Amino acid sequence: MGKRTLSVALLATAMLTVAGCSGGGSADAGETAAAPVNPEGVSGDITVLTNRTDLVEDGTMKEYAAEFNKTYPNVKVEFEGLTDYEGEVKIRMNTEDYGDVLLIPSAVAKGDYPKFFAPLGETSSMRPTYRFTDKTDVDGKTYGIATFGTANGLVYNKALWKKAGITDWPTTPEQFLDDLEAVKDKTGATPYYTNFKDGWPLESPWTNSVGSISCDTQGHDKLAENDEPWAEGNDLNTLDTLLHDIVHEKLSEKDPATTNWESSKTLLAKGKVGSMVLGSWAINQMRDAAEKAGQNPDDIGFMPLPSQQNGKFCSTLVSDYQQAVNIHSDHKEAARAWIDWFTEKSGYAAKEGAVSALKSEGMPETLKDYVDNDVKMIERSAARTAEVDAIDNASEIGLNKPDYRKKLIDIARGATDGTLEGYFDDLNKRWSEARQTVGS
Amino acid sequence: MTRTASTAPPPVPAAEPGPTGKQPSRHRARSGASWRDRPLRKITPWLFLLAPLALLITFTYVPVGNMIYYSFTDWDGVSPTRNYVGTENYTEIFTRPELFRVFAVSFYYLAASVVQIVIALYFAAVLSFDLRFRNLFKGILFFPYLINGVAIGFVFLYFFQDGGTLDSVLSWFGADTDHAWLGSPESANTSMAGVSVWRFTGLNFVLFLGAIQSIPGELYEAAQLDGASRWKQFRHIIAPSIRPVLSLSVILAISGSLSVFEIPYIMTGGATETSTFVIQTVKFAFQFNKTGLASACAVVLLAIILVITWIQRRLVPDEKVDLV
Chain Z
1 MGKRTLSVAL LATAMLTVAG CSGGGSADAG ETAAAPVNPE GVSGDITVLT
51 NRTDLVEDGT MKEYAAEFNK TYPNVKVEFE GLTDYEGEVK IRMNTEDYGD
101 VLLIPSAVAK GDYPKFFAPL GETSSMRPTY RFTDKTDVDG KTYGIATFGT
151 ANGLVYNKAL WKKAGITDWP TTPEQFLDDL EAVKDKTGAT PYYTNFKDGW
201 PLESPWTNSV GSISCDTQGH DKLAENDEPW AEGNDLNTLD TLLHDIVHEK
251 LSEKDPATTN WESSKTLLAK GKVGSMVLGS WAINQMRDAA EKAGQNPDDI
301 GFMPLPSQQN GKFCSTLVSD YQQAVNIHSD HKEAARAWID WFTEKSGYAA
351 KEGAVSALKS EGMPETLKDY VDNDVKMIER SAARTAEVDA IDNASEIGLN
401 KPDYRKKLID IARGATDGTL EGYFDDLNKR WSEARQTVGS
Chain W
441 MTRTASTAPP PVPAAEPGPT GKQPSRHRAR SGASWRDRPL RKITPWLFLL
491 APLALLITFT YVPVGNMIYY SFTDWDGVSP TRNYVGTENY TEIFTRPELF
541 RVFAVSFYYL AASVVQIVIA LYFAAVLSFD LRFRNLFKGI LFFPYLINGV
591 AIGFVFLYFF QDGGTLDSVL SWFGADTDHA WLGSPESANT SMAGVSVWRF
641 TGLNFVLFLG AIQSIPGELY EAAQLDGASR WKQFRHIIAP SIRPVLSLSV
691 ILAISGSLSV FEIPYIMTGG ATETSTFVIQ TVKFAFQFNK TGLASACAVV
741 LLAIILVITW IQRRLVPDEK VDLV
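Order-wise, the sequence lines are chains Z and W.
As numbered in my numbering, residues 1 to 440 make up the first sequence, in order.
As numbered in my numbering, residues 441 to 764 make up the second sequence, in order.
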């Protein structure tokens, strides 16, 4: 009997605690995190959250901070590198303690930005200076500035492709498949590497390319009003059919279940793998891998996806993580000073071989091939990302999650029953149903 | 678990090591006398309980309570606002039969846990007799259980990869299978169920061994005098006395197979039809930001496991074992 009383008491305590816990914090309407006028006058300790644990560990971030302190001597910058950035920050955002400067996690709904971040300024005044402002624009105010942007395309091993007798970039998916076939036959290399196990190379690099095929800056936004994004003639149809065909014709690695991203870099550098769809940020990493493997870093090339509009290649430019100021920060001025300095003065984007968030900066050296070959680089609009994400989540498809393309690959290699057409029909159905429930 | 206290034999004083016995016993006698007849004595057990209870409430009951509360909301996991939606999440779960299809994968693990219990029982019975290198074998069998599940996932990823450990070992014996172990649903699920056997056999083994070793030695002696063989000793002495532990193992096996997570999550991420109910739940919560629905899934899983345990206890009631 005593035992029963105890457990009832426990349960009651638990319930009471729950009631106490579930209030949910409310944030005050944040004033704009304005850039300081006088650098000497700014002071305070700020914490910067970053996903680049590698740069925190090797001291690169400290060097940036030291450089920053030359202009802002009274601001002390601390870095917190988080390996599982998305997961950890998402949980921390339930409290007020999520750094002063942070990268906006993709889990945060766009409509909630004003509750979590201090506005950085009017979008109309930010737009002439910065790229990718529409990604964080809520009601005319901008909440984040991109750390950098990337162009999308295929990282490939030039020497290998030359060995297979291919000199020109393929202009159609069919031609691309023929080229992969040639690479396989003439060099014995794996023409394409899916990175199935790690999964992420199947998500953003492919989905970010929506718009590259149709050469439409609104390509991604239009998903919000399309009931059948996988129907013939849509970008997703072309992209996913291409991936399906690569795998179906056995032009990808033999055992996708045990791929490894880190080793794939060396495989590509050594010419054992022909190509991968990735963002341009990967070029520098591949070149590093080539150097470490004793290969020529210049063999790493970057080509647009095999599709042309009016005789021209297109490639979408998309924003990577955006830096924002915590609305609960006590040192909003210092935080803003860091973001501005990091974007304008640090040279971070150039060092990463990525596209700077500043419109005044030109294209980086890594995209020389694109510039030389007159690839049309279009800044992809993110004005309706919130709607697209809402439909995507409601449909449980996950355009930016690996699962749906993993299933596509399973169908392509015959591990799962089904056909490409059947799968596309199913995806279309789920998408249109989700559009109804989200109520657009 | 309180059951074990009633069935376990009282501690035998004679079993205490001799040389160190002298000093502590004197100490104990003195302190025992000083505590007696004091009112503090009554609340002492509660004072001792304070720390574990506080931890238990903070880290088990409050989160569970929170989870139940979230399951009635449409919370996305981040947003400061959440709406009460009543039983909508539960309605959604029970009107989407495809959410329960993943339980098919659990049968692989359930079959594997049968194998696991048999293996564990065999080794526990064998090693309960006096064998050479007995402790070494015990260590070897228990070792996998001590390794972190995530590490096991990675180790076996290399084990099963194309040209990995398994393939090379097989090729020594002239069997060049060239089989993608994690490539097809059947093969992947069987392989990972195998990993789970490797991992958890040690736990079952230790549970069984503990139960077997608590059987008084005189029983074996008496049985031997009566001319009972090893098999007969197992059949009539060991088997009945480990029944409570066996039924505990079965409960653990069933609830374990329903809530498999680490190994498939690390090794395949739930791709190629290896997704389990927990993986699916995690994906709802952390990929599609449906924390409310995911909490409801977790509550449903908890209910399923409770019901199955209850049915199992009904079918196989826990009799008191009376050997002596």
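Keep in mind the hints are simulated off the structure, nothing from the lab.
From a predicted model like this one, the values you see are computed outputs, not experimental measurements.
Be careful, since some hints might not be right.
As the list claims (entries may be wrong) - The following label-pair restraints were derived from C-beta to C-beta distances:
no.: 1; chain 1: W; residue 1: Ser608; chain 2: Z; residue 2: Thr419; range: 34 to 40 Å
no.: 2; chain 1: W; residue 1: Leu493; chain 2: Z; residue 2: Asp84; range: 51 to 57 Å
no.: 3; chain 1: Z; residue 1: Lys345; chain 2: W; residue 2: Leu610; range: 54 to 60 Å
no.: 4; chain 1: Z; residue 1: Met126; chain 2: W; residue 2: Ala491; range: 50 to 56 Å
no.: 5; chain 1: Z; residue 1: Asp288; chain 2: W; residue 2: Leu571; range: 28 to 34 Å
no.: 6; chain 1: Z; residue 1: Gly294; chain 2: W; residue 2: Thr535; range: 57 to 63 Å
no.: 7; chain 1: Z; residue 1: Asp374; chain 2: W; residue 2: Thr531; range: 54 to 60 Å
no.: 8; chain 1: Z; residue 1: Lys162; chain 2: W; residue 2: Asp616; range: 33 to 39 Å
no.: 9; chain 1: Z; residue 1: Asp45; chain 2: W; residue 2: Val747; range: 34 to 40 Å
Here a beta-carbon is modelled for each residue, glycine too, at the ideal position from N, C-alpha and C.
Here is what the structure says about each hint:
no.: 1; hint: Ser608(W) / Thr419(Z): 34 to 40 Å; result: 36 Å, holds
no.: 2; hint: Leu493(W) / Asp84(Z): 51 to 57 Å; result: 32 Å, violated
no.: 3; hint: Lys345(Z) / Leu610(W): 54 to 60 Å; result: 58 Å, holds
no.: 4; hint: Met126(Z) / Ala491(W): 50 to 56 Å; result: 54 Å, holds
no.: 5; hint: Asp288(Z) / Leu571(W): 28 to 34 Å; result: 55 Å, violated
no.: 6; hint: Gly294(Z) / Thr535(W): 57 to 63 Å; result: 59 Å, holds
no.: 7; hint: Asp374(Z) / Thr531(W): 54 to 60 Å; result: 56 Å, holds
no.: 8; hint: Lys162(Z) / Asp616(W): 33 to 39 Å; result: 34 Å, holds
no.: 9; hint: Asp45(Z) / Val747(W): 34 to 40 Å; result: 54 Å, violated
In the structure shown, a violation is registered for the earlier hints numbered 2, 5, 9, in ascending order.
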